[in-house]
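Engineer: Protein chains in written order, with the numbering used here: chain R, 1 to 162; chain H, 1 to 162; chain P, 1 to 162; chain D, 1 to 162; chain A, 1 to 162; chain C, 1 to 162.
Rather than coming from a laboratory, the hints here were simulated on the basis of the structure. Keep in mind that the hints are not guaranteed to be accurate.
[As the list claims (entries may be wrong)] Calculated lysine-lysine pairs in the DSSO-like style (CA-CA distance at most 30 Å, straight line):
#1 110(P) / 155(A)
#2 45(C) / 21(R)
#3 155(H) / 21(A)
#4 45(C) / 139(A)
#5 45(P) / 155(D)
#6 45(A) / 155(C)
#7 110(A) / 21(P)
#8 155(A) / 21(H)
#9 155(H) / 139(R)
#10 110(H) / 21(A)
#11 110(H) / 21(P)
#12 155(R) / 45(C)
#13 155(A) / 45(C)
#14 21(H) / 21(A)
#15 45(D) / 155(R)
#16 21(R) / 155(C)
#17 155(C) / 139(A)
[Unchecked claim] Over the 12 Å line for every Cβ pair with chain R, so calculated as not near, a few chain D residues:
#18 20
#19 38
#20 89
#21 97
#22 100
#23 112
#24 142
[Claimed, not checked] One-sided excerpt, in silico: chain D residues whose CB lies under 8 Å from chain R:
#25 12
#26 15
#27 16
#28 22
#29 24
#30 70
#31 79
Note that CB positions come from ideal geometry on N, CA and C, so glycine has one too.
Number of protein chains: 6
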Amino acid sequence: MSELTHFNEQGRAKMVDVSGKNDTVRTARAKTAVLLNEAIYQQIKDGSNKKGDVFAVAQVAGIMAAKNTAQIIPMCHPLALSGVDIEFEWNVDEANAHYEVLLYATVKTKGPTGVEMEALTAASAAALTIYDMCKAAGKEMVIGPTMLLGKTGGKSGDYERA
Amino acid sequence: MSELTHFNEQGRAKMVDVSGKNDTVRTARAKTAVLLNEAIYQQIKDGSNKKGDVFAVAQVAGIMAAKNTAQIIPMCHPLALSGVDIEFEWNVDEANAHYEVLLYATVKTKGPTGVEMEALTAASAAALTIYDMCKAAGKEMVIGPTMLLGKTGGKSGDYERA
Amino acid sequence: MSELTHFNEQGRAKMVDVSGKNDTVRTARAKTAVLLNEAIYQQIKDGSNKKGDVFAVAQVAGIMAAKNTAQIIPMCHPLALSGVDIEFEWNVDEANAHYEVLLYATVKTKGPTGVEMEALTAASAAALTIYDMCKAAGKEMVIGPTMLLGKTGGKSGDYERA
Amino acid sequence: MSELTHFNEQGRAKMVDVSGKNDTVRTARAKTAVLLNEAIYQQIKDGSNKKGDVFAVAQVAGIMAAKNTAQIIPMCHPLALSGVDIEFEWNVDEANAHYEVLLYATVKTKGPTGVEMEALTAASAAALTIYDMCKAAGKEMVIGPTMLLGKTGGKSGDYERA
Amino acid sequence: MSELTHFNEQGRAKMVDVSGKNDTVRTARAKTAVLLNEAIYQQIKDGSNKKGDVFAVAQVAGIMAAKNTAQIIPMCHPLALSGVDIEFEWNVDEANAHYEVLLYATVKTKGPTGVEMEALTAASAAALTIYDMCKAAGKEMVIGPTMLLGKTGGKSGDYERA
Amino acid sequence: MSELTHFNEQGRAKMVDVSGKNDTVRTARAKTAVLLNEAIYQQIKDGSNKKGDVFAVAQVAGIMAAKNTAQIIPMCHPLALSGVDIEFEWNVDEANAHYEVLLYATVKTKGPTGVEMEALTAASAAALTIYDMCKAAGKEMVIGPTMLLGKTGGKSGDYERA
Numbered sequence: 001m002s003e004l005t006h007f008n009e010q011g012r013a014k015m016v017d018v019s020g021k022n023d024t025v026r027t028a029r030a031k032t033a034v035l036l037n038e039a040i041y042q043q044i045k046d047g048s049n050k051k052g053d054v055f056a057v058a059q060v061a062g063i064m065a066a067k068n069t070a071q072i073i074p075m076c077h078p079l080a081l082s083g084v085d086i087e088f089e090w091n092v093d094e095a096n097a098h099y100e101v102l103l104y105a106t107v108k109t110k111g112p113t114g115v116e117m118e119a120l121t122a123a124s125a126a127a128l129t130i131y132d133m134c135k136a137a138g139k140e141m142v143i144g145p146t147m148l149l150g151k152t153g154g155k156s157g158d159y160e161r162a
Numbered sequence: 001m002s003e004l005t006h007f008n009e010q011g012r013a014k015m016v017d018v019s020g021k022n023d024t025v026r027t028a029r030a031k032t033a034v035l036l037n038e039a040i041y042q043q044i045k046d047g048s049n050k051k052g053d054v055f056a057v058a059q060v061a062g063i064m065a066a067k068n069t070a071q072i073i074p075m076c077h078p079l080a081l082s083g084v085d086i087e088f089e090w091n092v093d094e095a096n097a098h099y100e101v102l103l104y105a106t107v108k109t110k111g112p113t114g115v116e117m118e119a120l121t122a123a124s125a126a127a128l129t130i131y132d133m134c135k136a137a138g139k140e141m142v143i144g145p146t147m148l149l150g151k152t153g154g155k156s157g158d159y160e161r162a
Numbered sequence: 001m002s003e004l005t006h007f008n009e010q011g012r013a014k015m016v017d018v019s020g021k022n023d024t025v026r027t028a029r030a031k032t033a034v035l036l037n038e039a040i041y042q043q044i045k046d047g048s049n050k051k052g053d054v055f056a057v058a059q060v061a062g063i064m065a066a067k068n069t070a071q072i073i074p075m076c077h078p079l080a081l082s083g084v085d086i087e088f089e090w091n092v093d094e095a096n097a098h099y100e101v102l103l104y105a106t107v108k109t110k111g112p113t114g115v116e117m118e119a120l121t122a123a124s125a126a127a128l129t130i131y132d133m134c135k136a137a138g139k140e141m142v143i144g145p146t147m148l149l150g151k152t153g154g155k156s157g158d159y160e161r162a
Numbered sequence: 001m002s003e004l005t006h007f008n009e010q011g012r013a014k015m016v017d018v019s020g021k022n023d024t025v026r027t028a029r030a031k032t033a034v035l036l037n038e039a040i041y042q043q044i045k046d047g048s049n050k051k052g053d054v055f056a057v058a059q060v061a062g063i064m065a066a067k068n069t070a071q072i073i074p075m076c077h078p079l080a081l082s083g084v085d086i087e088f089e090w091n092v093d094e095a096n097a098h099y100e101v102l103l104y105a106t107v108k109t110k111g112p113t114g115v116e117m118e119a120l121t122a123a124s125a126a127a128l129t130i131y132d133m134c135k136a137a138g139k140e141m142v143i144g145p146t147m148l149l150g151k152t153g154g155k156s157g158d159y160e161r162a
Numbered sequence: 001m002s003e004l005t006h007f008n009e010q011g012r013a014k015m016v017d018v019s020g021k022n023d024t025v026r027t028a029r030a031k032t033a034v035l036l037n038e039a040i041y042q043q044i045k046d047g048s049n050k051k052g053d054v055f056a057v058a059q060v061a062g063i064m065a066a067k068n069t070a071q072i073i074p075m076c077h078p079l080a081l082s083g084v085d086i087e088f089e090w091n092v093d094e095a096n097a098h099y100e101v102l103l104y105a106t107v108k109t110k111g112p113t114g115v116e117m118e119a120l121t122a123a124s125a126a127a128l129t130i131y132d133m134c135k136a137a138g139k140e141m142v143i144g145p146t147m148l149l150g151k152t153g154g155k156s157g158d159y160e161r162a
Numbered sequence: 001m002s003e004l005t006h007f008n009e010q011g012r013a014k015m016v017d018v019s020g021k022n023d024t025v026r027t028a029r030a031k032t033a034v035l036l037n038e039a040i041y042q043q044i045k046d047g048s049n050k051k052g053d054v055f056a057v058a059q060v061a062g063i064m065a066a067k068n069t070a071q072i073i074p075m076c077h078p079l080a081l082s083g084v085d086i087e088f089e090w091n092v093d094e095a096n097a098h099y100e101v102l103l104y105a106t107v108k109t110k111g112p113t114g115v116e117m118e119a120l121t122a123a124s125a126a127a128l129t130i131y132d133m134c135k136a137a138g139k140e141m142v143i144g145p146t147m148l149l150g151k152t153g154g155k156s157g158d159y160e161r162a
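Isolated chain R, as found in the complex (with noise of 0.2 Å):
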């Protein structure tokens, strides 16, 4: 079984050691979403259909925040991304009244460790993004589940979740 890989002798944080691992292409897929009321709903439909689209503030959230994550999170290596994309997805269902944002952000690098944490802190990021335009008209609304779908490249392989 894997230990906790985050701590040295003295039992104390570190940053792991990564200068032993090559260089190769690595990506990483996420996935949250913001549940939300009805008028919420509404007012980013009619937003996005014009100009006042709350997604494209979260886009850009989003993607600064993935290159942010070695700042937000302690223990992360600082890596040079070389792309990052967020899409949005309506999750509707009327008759039940369930109204429901998914977030997915994709994050590549071509560097030493992978970017799970990137993909994750986007969509974090996003996510919260919209929680903060939109709570004027409802402070009720719940963000996740947040988990990683995937990742590609590394020693550790690929993996998909169930």
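Based on these hints, arrange chains H, P, D, A and C on the given structure of chain R.
Structural biologist: Same frame as chain R, but now just chains H, P, D, A and C:
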């Protein structure tokens, strides 16, 4: 019904003018969770009984993220936070193999806008840090649901999640 | 004649003491422009009529840069901005093949110093973002002239560009 | 005609994937200017002959901004810059009361994308810093025109402004 | 005897609540030093007599670090600094081959907590910058002792180092 | 005798061009110390035997500062660090009332320049964090001497402090 407030007359995002609001004491409290497997549960428990304390790192990550909220969330106002705290609580049902960390973030300020986003961002960053430090032992962890539990202060008054 | 105020007795730069100044509402408005070619003009217009909105990204860049001004400009005081907005306006003369975006940044604070630098920095970052997103279609774009249009509040009084 | 490359299939901004590009040495050189009045001209000249050196602060601001470009410009790739330099040149015609500082920023990297934005951002930040440090003696200063003078390296080849 | 104040009931670090404290003018003054060899001493002296001014860069580094203190020191409160200054003084005894730069950082705010950490951080960053710029001529430089010389303002009253 | 290398032909600071240097594995190790009183010594010891662990926070501060070095030290090259670790060691002589924490920071990269500044900055930030968390029990703490213990890798070869 409230309109989305973050858009200007051109239909593009703006940082809303709060110069007319008074500086009052405001608090917010947010919650999230990390669902994880038994191996990770044991490793975190073992670590925090000694010194390899995953939660200590997550705590720092959450507090620093609270201070960085206006850099992570584009339309958030910069605020001089007066206090930030994060608590962890195990929600474990071994019979059903349910292992979950609950995270509570409490943020306080004396300023012109609320700190809901700071509390939500702190909780999210702390949860992401737990994910990062434990992912070698299981990438299937799930973060969330992330939500606002309550807020006090400000013109819109107190809010408590139903 | 005013002396340069940012130097100490050793002749080196300092951040001027403003602790004696009162917190008052202050605004500043700055302007810049991006001169570009017809192809870029058409692409931006097409994009913003749909959703590929260059200005939406520039807007976010400008607002975040306003909040980061004290990190970008060494002797600038950190300020809790109370509002930031950015507007775009086309200045086009097709007969003379003149295609230009005008950018206006308006910043507001309640604090001890003015926000001229925040407005100028926001306008500059938004213009640079337009350059970045369109440079594949023509690197000969020109940014500027960048100038302060006016300011209100503070002991030195209001200023309006002649 | 080139298409705008920064948009995904949903028509929203993304950070373009450059993982297929090779790491090569790339340089870029940008130029801007600050037009100012005679009093400021004299003060800067006097200062730099002694030690109250406005340009020394602008120099540091420009170099740090070059390193921060990926934080300021949302779709810019983070790059490990290998060198940054900034030069200042007076363009003065006293007979016509024309006082102008020309700023040249040169940036170099060994990486998968060019450094045009880093050079433009460095020049802009240095110019804004001159504005900041001299604004007490005249707010009518004008920054620009800001432009790319040339670039070398990369698949699209060298570019030199006509 | 004072208890460590930065821990919550779970025994983990928190950012202490200062919302009950009044905004008053507070100052702090810190000192550090860099011990270096004769060659570096001559080079810095030669440079600052001309324009290659190591101290000018260290000055900017110290001022920017003061503004960034809450990002560098995890439990530090963000504060809107109202003034920062740094001074340099040579302490040289050529007969005994003793070459040392003394650095003094003075920070001022009008806020709810003191600026001791800002002054200490500014001095440290300025000293590290001197080390960086001179290390090609001798890596054996020594930084310190770094200490608080005094503070004024706040409920705990003034402090002056004995 | 080495010349100061960080200056351009105008005598102003530049970030030196390292594009001709090879990416090799490089390490650096730095040391600092915090001298403190008996009360603080007891409180830190008590805390780390339980969970109120001052060193755990200092550890995170040091690691994050290592990653931020190029933002704190103006002429430092940005580097993708591959590993960072910090160790603490008590140096106590109760008979002589001497209580001192020794801090050792070790940084590793695979890149074109060394990581001396990252190691020195990490040690400094960790020491400042100890000061911050304990200052309520004694502001007379002293940080330093801060020095480079050694480095490996790079064209200039290994260095070990005599």
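Engineer: Evaluate each hint against the coordinates.
Structural biologist: These are the hints, each one checked on the structure:
Taking the CA atoms of residue 110(P) and residue 155(A), the gap is near 26 Å; set against the 30 Å cutoff, the hint holds. Taking the CA atoms of residue 45(C) and residue 21(R), the gap is about 37 Å. The hint is violated against a cut of 30 Å. A C-alpha spacing of about 22 Å is found between residue 155(H) and residue 21(A), which places the hinted pair at or below 30 Å, so the restraint holds. Between residue 45(C) and residue 139(A) the CA atoms are separated by roughly 34 Å; this puts the pair beyond 30 Å, and the hint is violated.
Only pairs whose Cα atoms come within 30 Å are accepted, and residue 45(P) paired with residue 155(D) is accepted, the gap being roughly 28 Å. The straight-line distance between the Cα atoms of residue 45(A) and residue 155(C) is roughly 28 Å, inside the 30 Å bound, and the hint therefore holds. A distance of roughly 10 Å separates the Cα atoms of residue 110(A) and residue 21(P); the hinted pair therefore holds under the 30 Å criterion. Distance restraint check for residue 155(A) and residue 21(H): the Cα-Cα separation of roughly 28 Å lies within the 30 Å cut-off, and the hinted pair is therefore satisfied.
A C-alpha spacing of about 15 Å is found between residue 155(H) and residue 139(R), which places the hinted pair at or below 30 Å, so the restraint holds. With a C-alpha separation of about 10 Å, the suggested pair residue 110(H) and residue 21(A) falls inside the 30 Å cut-off, and the hint holds. A C-alpha spacing of about 20 Å is found between residue 110(H) and residue 21(P), which places the hinted pair at or below 30 Å, so the restraint holds. Using a Cα cut-off of 30 Å, the hinted pair residue 155(R) and residue 45(C) is violated, with the two alpha carbons roughly 41 Å apart.
A C-alpha spacing of about 28 Å is found between residue 155(A) and residue 45(C), which places the hinted pair at or below 30 Å, so the restraint holds. Distance hint between residue 21(H) and residue 21(A) is fulfilled; the C-alpha atoms sit about 20 Å from each other, no more than 30 Å. With a CA separation close to 59 Å, the supplied pair residue 45(D) and residue 155(R) exceeds the 30 Å bound. Taking the CA atoms of residue 21(R) and residue 155(C), the gap is near 22 Å; set against the 30 Å cutoff, the hint holds.
About 15 Å separates the Cα atoms of residue 155(C) and residue 139(A), which keeps this hinted pair within 30 Å; it holds. The beta carbon of residue 20(D) sits about 8 Å from the closest Cβ of chain R, which is not more than 12 Å, so the claim that it is off the interface is violated. At roughly 42 Å from the closest C-beta of chain R, the C-beta of residue 38(D) stays outside 12 Å, upholding its exclusion from the interface. The beta carbon of residue 89(D) is kept farther than 12 Å from every beta carbon of chain R, the shortest such distance being approximately 33 Å.
Listed as a non-interface residue, residue 97(D) keeps its Cβ farther than 12 Å from every Cβ of chain R; the least gap is roughly 43 Å. In this structure residue 100(D) is separated from chain R by more than 12 Å, as the shortest Cβ-Cβ distance comes to about 35 Å. The non-interface label for residue 112(D) is inconsistent with chain R: the shortest C-beta to C-beta separation is roughly 7 Å, within 12 Å. Distance to chain R confirms residue 142(D) as a non-interface residue, since its nearest Cβ pair spans about 29 Å, more than 12 Å.
The interface hint given for residue 12(D) is met, as the beta carbon of that residue sits about 5 Å from the closest beta carbon of chain R, less than 8 Å. Evaluation of the residue 15(D) hint against chain R yields a held restraint, the C-beta minimum of about 4 Å falling below 8 Å. Annotation: interface hint on residue 16(D) holds; nearest CB of chain R at approximately 6 Å, less than 8 Å. A distance limit of 8 Å between C-beta atoms decides the matter here; for residue 22(D) the minimum to chain R is near 10 Å, and the interface restraint is violated.
The interface hint given for residue 24(D) is broken, as the beta carbon of that residue sits about 14 Å from the closest beta carbon of chain R, more than 8 Å. Interface hint at residue 70(D): satisfied, since its Cβ lies 6 Å from the closest Cβ of chain R, which is below the 8 Å cut-off. Among the interface hints, the one on residue 79(D) holds; its C-beta lies about 7 Å from the nearest C-beta in chain R, closer than the 8 Å criterion.
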